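Construct the complete structure from the given sequences, taking the supplied hints into account.
Read off the chains here:
There are 2 protein chains.
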Amino acid sequence: MVIRWGICSAGKISHDFTVALKTLRAEDHQVVAVAARDLKHAQEFAQRHSVPRAYGSYEDLAKDPEIDVVYVGTIHPHHLSVGVLFMNAQKNVLCEKPLAMNLKEVQELIASAQKNHVFLMEAVWTRFFPVSVEISRLLSRGEVGEVKVVRAEFGAPLTHVPRAVRKDLGGGALLDIGVYCLQFVLMVFNGEKPESIQATGVCLDTGVDEAMVVTLKFSGHRLAVCTCTITAELPNEVVIVGTKGTIKVPAHMWCPTSLMVNGVETQYPVPEPALPLNFINSTGMCYEAEEGPALLPSQVQNYTINTHNFTHLRQKQVVTGRWACVFTVLCGAGLKESSRMSHADSALLAEIMDEARRQVGVVYSQDSL
Amino acid sequence: MVIRWGICSAGKISHDFTVALKTLRAEDHQVVAVAARDLKHAQEFAQRHSVPRAYGSYEDLAKDPEIDVVYVGTIHPHHLSVGVLFMNAQKNVLCEKPLAMNLKEVQELIASAQKNHVFLMEAVWTRFFPVSVEISRLLSRGEVGEVKVVRAEFGAPLTHVPRAVRKDLGGGALLDIGVYCLQFVLMVFNGEKPESIQATGVCLDTGVDEAMVVTLKFSGHRLAVCTCTITAELPNEVVIVGTKGTIKVPAHMWCPTSLMVNGVETQYPVPEPALPLNFINSTGMCYEAEEGPALLPSQVQNYTINTHNFTHLRQKQVVTGRWACVFTVLCGAGLKESSRMSHADSALLAEIMDEARRQVGVVYSQDSL
Numbered sequence: 001m002v003i004r005w006g007i008c009s010a011g012k013i014s015h016d017f018t019v020a021l022k023t024l025r026a027e028d029h030q031v032v033a034v035a036a037r038d039l040k041h042a043q044e045f046a047q048r049h050s051v052p053r054a055y056g057s058y059e060d061l062a063k064d065p066e067i068d069v070v071y072v073g074t075i076h077p078h079h080l081s082v083g084v085l086f087m088n089a090q091k092n093v094l095c096e097k098p099l100a101m102n103l104k105e106v107q108e109l110i111a112s113a114q115k116n117h118v119f120l121m122e123a124v125w126t127r128f129f130p131v132s133v134e135i136s137r138l139l140s141r142g143e144v145g146e147v148k149v150v151r152a153e154f155g156a157p158l159t160h161v162p163r164a165v166r167k168d169l170g171g172g173a174l175l176d177i178g179v180y181c182l183q184f185v186l187m188v189f190n191g192e193k194p195e196s197i198q199a200t201g202v203c204l205d206t207g208v209d210e211a212m213v214v215t216l217k218f219s220g221h222r223l224a225v226c227t228c229t230i231t232a233e234l235p236n237e238v239v240i241v242g243t244k245g246t247i248k249v250p251a252h253m254w255c256p257t258s259l260m261v262n263g264v265e266t267q268y269p270v271p272e273p274a275l276p277l278n279f280i281n282s283t284g285m286c287y288e289a290e291e292g293p294a295l296l297p298s299q300v301q302n303y304t305i306n307t308h309n310f311t312h313l314r315q316k317q318v319v320t321g322r323w324a325c326v327f328t329v330l331c332g333a334g335l336k337e338s339s340r341m342s343h344a345d346s347a348l349l350a351e352i353m354d355e356a357r358r359q360v361g362v363v364y365s366q367d368s369l
Numbered sequence: 001m002v003i004r005w006g007i008c009s010a011g012k013i014s015h016d017f018t019v020a021l022k023t024l025r026a027e028d029h030q031v032v033a034v035a036a037r038d039l040k041h042a043q044e045f046a047q048r049h050s051v052p053r054a055y056g057s058y059e060d061l062a063k064d065p066e067i068d069v070v071y072v073g074t075i076h077p078h079h080l081s082v083g084v085l086f087m088n089a090q091k092n093v094l095c096e097k098p099l100a101m102n103l104k105e106v107q108e109l110i111a112s113a114q115k116n117h118v119f120l121m122e123a124v125w126t127r128f129f130p131v132s133v134e135i136s137r138l139l140s141r142g143e144v145g146e147v148k149v150v151r152a153e154f155g156a157p158l159t160h161v162p163r164a165v166r167k168d169l170g171g172g173a174l175l176d177i178g179v180y181c182l183q184f185v186l187m188v189f190n191g192e193k194p195e196s197i198q199a200t201g202v203c204l205d206t207g208v209d210e211a212m213v214v215t216l217k218f219s220g221h222r223l224a225v226c227t228c229t230i231t232a233e234l235p236n237e238v239v240i241v242g243t244k245g246t247i248k249v250p251a252h253m254w255c256p257t258s259l260m261v262n263g264v265e266t267q268y269p270v271p272e273p274a275l276p277l278n279f280i281n282s283t284g285m286c287y288e289a290e291e292g293p294a295l296l297p298s299q300v301q302n303y304t305i306n307t308h309n310f311t312h313l314r315q316k317q318v319v320t321g322r323w324a325c326v327f328t329v330l331c332g333a334g335l336k337e338s339s340r341m342s343h344a345d346s347a348l349l350a351e352i353m354d355e356a357r358r359q360v361g362v363v364y365s366q367d368s369l
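Residue numbers (this note's numbering), protein chains in the order written: chain A, 1 to 369; chain B, 1 to 369.
No wet-lab data here; the hints were simulated from the structure.
Worth double-checking, as some hints may not be accurate.
Every beta carbon over 12 angstroms from chain B, so not counted as near; a handful from chain A, in silico [to be verified]:
{"hint": "1", "residue": "Leu234"}
{"hint": "2", "residue": "Ala274"}
{"hint": "3", "residue": "Asp367"}
In silico DSBU-like cross-links for lysine-lysine, where the CA-CA straight-line distance does not exceed 35 angstroms [unchecked claim]:
{"hint": "4", "chain 1": "A", "residue 1": "Lys115", "chain 2": "A", "residue 2": "Lys104"}
{"hint": "5", "chain 1": "A", "residue 1": "Lys193", "chain 2": "B", "residue 2": "Lys248"}
{"hint": "6", "chain 1": "A", "residue 1": "Lys244", "chain 2": "B", "residue 2": "Lys248"}
{"hint": "7", "chain 1": "A", "residue 1": "Lys217", "chain 2": "B", "residue 2": "Lys248"}
{"hint": "8", "chain 1": "A", "residue 1": "Lys167", "chain 2": "A", "residue 2": "Lys217"}
{"hint": "9", "chain 1": "A", "residue 1": "Lys12", "chain 2": "A", "residue 2": "Lys248"}
{"hint": "10", "chain 1": "B", "residue 1": "Lys217", "chain 2": "A", "residue 2": "Lys104"}
{"hint": "11", "chain 1": "A", "residue 1": "Lys217", "chain 2": "B", "residue 2": "Lys167"}
{"hint": "12", "chain 1": "B", "residue 1": "Lys40", "chain 2": "A", "residue 2": "Lys217"}
{"hint": "13", "chain 1": "B", "residue 1": "Lys104", "chain 2": "A", "residue 2": "Lys193"}
{"hint": "14", "chain 1": "B", "residue 1": "Lys217", "chain 2": "A", "residue 2": "Lys217"}
{"hint": "15", "chain 1": "B", "residue 1": "Lys248", "chain 2": "A", "residue 2": "Lys167"}
{"hint": "16", "chain 1": "B", "residue 1": "Lys40", "chain 2": "B", "residue 2": "Lys193"}
{"hint": "17", "chain 1": "B", "residue 1": "Lys217", "chain 2": "A", "residue 2": "Lys248"}
{"hint": "18", "chain 1": "A", "residue 1": "Lys248", "chain 2": "B", "residue 2": "Lys193"}
{"hint": "19", "chain 1": "B", "residue 1": "Lys167", "chain 2": "A", "residue 2": "Lys248"}
{"hint": "20", "chain 1": "A", "residue 1": "Lys244", "chain 2": "B", "residue 2": "Lys167"}
{"hint": "21", "chain 1": "B", "residue 1": "Lys244", "chain 2": "A", "residue 2": "Lys167"}
{"hint": "22", "chain 1": "A", "residue 1": "Lys12", "chain 2": "B", "residue 2": "Lys167"}
{"hint": "23", "chain 1": "B", "residue 1": "Lys12", "chain 2": "A", "residue 2": "Lys193"}
{"hint": "24", "chain 1": "A", "residue 1": "Lys244", "chain 2": "B", "residue 2": "Lys217"}
{"hint": "25", "chain 1": "A", "residue 1": "Lys248", "chain 2": "B", "residue 2": "Lys12"}
No experiment lies behind these values; they were computed from the predicted model shown.
Ideal Cβ positions, reconstructed from N, Cα and C, are used throughout, including at glycine.
Okay, here's the thing in structure tokens:
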């Protein structure tokens, strides 16, 4: 079964996502259409990536009957309206992170997915990297004992990038890159809601956060600290410290290709891109997908039998670790969300970011609607 | 000029301190007496280290007229009473960290030093390591641009150690080891008072903190995050991130022998000990002191001329970086505090720890007196 992709927006991340899809087998994944608000942009994108159809509006893309899934690569202030547009047109949606501007918007997107019986997932690509899958496996086996402290950080000099600093574009360190730190922590703690959230931050003149430290306390005396900044390059590691050892994800924690378990490092290189990428390791958006189709038929059967068995599903995902494959499986089997990056996971991420922003005083126009 | 040391308490840290002193020239530093509450312990200590006089009480040590400086190696609940005892007997005091249980006690110690015109310094040995001195030099030269984020952590499995967990012994992660993280941050930011302090922590049944994350916000949009725990081994690094690069202090940040500046590592090994040590790198308590006496005469002259020129003093210290030498110079020149670890530095450390404990709910009996 081939998945027919529509690409919403012809920007840098959509370019990289399309290159990543090209590392998958063409029998399994095809990009059949692209849409941009400017038809010329869409046409250029279509020509560059050999995409059959180009549209000058997202509405036209939504009307295309031969699309299974839309990848939403717009900036996050547009995620809600665009996501609802496609889901109302019965399209499955893979939407870039953060899923929306705040919890209220995330809940509206989830409600739309449920109403329309379509699949919706926040494109937290990190979570499906082999490194992340291996971490989940190690933690489930108690490889480092009881986890006590998680430290995650993402800092990069981005103050020259309008998207990162302008409030109307959804700027701010937390939503743009801090989300990667929080998602990592929540992955380690299996989506558990923290007992407390504390945030310290500093803001640019534009009113968005240039840097933030968010400390989370979880049950069982477990702590996590997330640091993000758009003013400087941090080491950009994740460290998971347990009573019996340490798991370290060296830079770049959001697209990790290396894992250190008690000092022993293993490499997990991403596929080579066919075209130059805008962002580092972007082909990891479809990691190891070349193996996915081989697993597909048996897995679909598996999930048809075990449609409601989410524990089983999680285990399967741990074994395969290929989000594109998982995505295929989920759509094929009629499941409407991923258990590895579930609706609840997205909602919790948004809830934590809302509270952190409240403490630091970052308010978007979407917060008051 | 020889400095005649008295050692207060015959425990593990006093052992290590005495071994460290032995790496200095005997013409410059001599241990002439040791005191313990149990005379037998003092006598055993004296025999092991060839110390001429052993006392069965701290009071007897205080009465010894042939002592210039007392090293206080007791646990911190005793620092105030013991420190005041020695200072009232006109002894200079080098007191282990934390200087006392809270700000109020620290202020009493400082007042006693001022009243008695004696030298008092909190033994924050880290600050005088060559690595720390080099960091100050690099920062003063703007080597990594404008510092934006400092991350410091110290975690070690210490829950089996009574001193670390019992409230009556001053237990708790923050006072025992978190103090090293905070002092590092304050060193980087030149003793500046933070604009805000936020602490998240978890406590043992004994009522002391097993782990804490303290986030500090400084002027100029600078953030620092300190993590300490007595339940697990953290990476125990310090990272200082600026707009133009990164300084990293690999483990063990409290007694560092290595420094990475923009990825380039330099080693700074500590002197070899003549006896086995209880704690790692303890000879670093007298780092490079073998060179100190050579600098002494000219420096004393220098400081006699520049008694009030603390900027000059700081620069000199940066050049020499030997606390034993600095200590000698300061006593010799009549200065009553170190500018590299000043009374104000100790007071600010205590103030921050008081506030962090208040937020987490760690209260010692000394807090209510």
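Here's how the hints hold up against the structure:
Here Leu234 (chain A) does not stay apart from chain B, with its beta-carbon only about 6 angstroms from theirs, under the 12 angstroms limit. The Cβ of Ala274 (chain A) sits about 31 angstroms from the closest Cβ of chain B, beyond the 12 angstroms cut-off, so the non-interface label holds. With a least CB separation of 22 angstroms from chain B, Asp367 (chain A) remains clear of the 12 angstroms interface cut-off, as annotated. Taking the CA atoms of Lys115 (chain A) and Lys104 (chain A), the gap is near 16 angstroms; set against the 35 angstroms cutoff, the hint holds.
Of the pairs offered as hints, the one joining Lys193 (chain A) and Lys248 (chain B) holds, with about 33 angstroms between alpha carbons and a cut-off of 35 angstroms not exceeded. Proximity of Lys244 (chain A) to Lys248 (chain B) is assessed by CA-CA distance (about 25 angstroms); at most 35 angstroms being required, the pair is judged to hold. With a C-alpha separation of about 27 angstroms, the suggested pair Lys217 (chain A) and Lys248 (chain B) falls inside the 35 angstroms cut-off, and the hint holds. A hinted pair counts as satisfied when its Cα atoms are at most 35 angstroms apart, and Lys167 (chain A) with Lys217 (chain A) qualifies at roughly 29 angstroms.
Taking the CA atoms of Lys12 (chain A) and Lys248 (chain A), the gap is about 30 angstroms. The hint holds against a cut of 35 angstroms. Under the criterion of a C-alpha separation no larger than 35 angstroms, the hint pairing Lys217 (chain B) with Lys104 (chain A) is consistent with the structure, at around 30 angstroms. Pair hint Lys217 (chain A) plus Lys167 (chain B) holds up; C-alpha atoms about 23 angstroms apart against a cutoff of 35 angstroms. Distance restraint check for Lys40 (chain B) and Lys217 (chain A): the Cα-Cα separation of roughly 47 angstroms exceeds the 35 angstroms cut-off, and the hinted pair is therefore not satisfied.
With a C-alpha separation of about 38 angstroms, the suggested pairing of Lys104 (chain B) with Lys193 (chain A) is violated against the 35 angstroms cut-off. Proximity of Lys217 (chain B) to Lys217 (chain A) is assessed by CA-CA distance (about 20 angstroms); at most 35 angstroms being required, the pair is judged to hold. Taking the CA atoms of Lys248 (chain B) and Lys167 (chain A), the gap is near 33 angstroms; set against the 35 angstroms cutoff, the hint holds. Distance check on the hinted pair: Lys40 (chain B) and Lys193 (chain B) sit about 45 angstroms apart at the alpha-carbon level, beyond 35 angstroms; violated.
Note on Lys217 (chain B) and Lys248 (chain A): the hinted pairing holds, with a Cα-Cα distance of about 27 angstroms set against a maximum of 35 angstroms. Simply put, Lys248 (chain A) and Lys193 (chain B) have alpha-carbon atoms about 33 angstroms apart, close enough for the 35 angstroms limit, and the pair holds. Proposed proximity of Lys167 (chain B) and Lys248 (chain A) is supported: the alpha carbons are some 33 angstroms apart, at most 35 angstroms. Among the hinted pairs, Lys244 (chain A) with Lys167 (chain B) is consistent with the structure: their alpha-carbon atoms are about 26 angstroms apart, no more than 35 angstroms.
Restraint check for Lys244 (chain B) and Lys167 (chain A): the C-alpha separation of about 26 angstroms stays at or below 35 angstroms, so the hint holds. A C-alpha spacing of about 56 angstroms is found between Lys12 (chain A) and Lys167 (chain B), which places the hinted pair above 35 angstroms, so the restraint is violated. Simply put, Lys12 (chain B) and Lys193 (chain A) have alpha-carbon atoms about 43 angstroms apart, too far for the 35 angstroms limit, and the pair is violated. Distance restraint check for Lys244 (chain A) and Lys217 (chain B): the Cα-Cα separation of roughly 33 angstroms lies within the 35 angstroms cut-off, and the hinted pair is therefore satisfied.
Simply put, Lys248 (chain A) and Lys12 (chain B) have alpha-carbon atoms about 33 angstroms apart, close enough for the 35 angstroms limit, and the pair holds.
Of the numbered hints given earlier, the model fails hints 1, 12, 13, 16, 22 and 23; all others are met.
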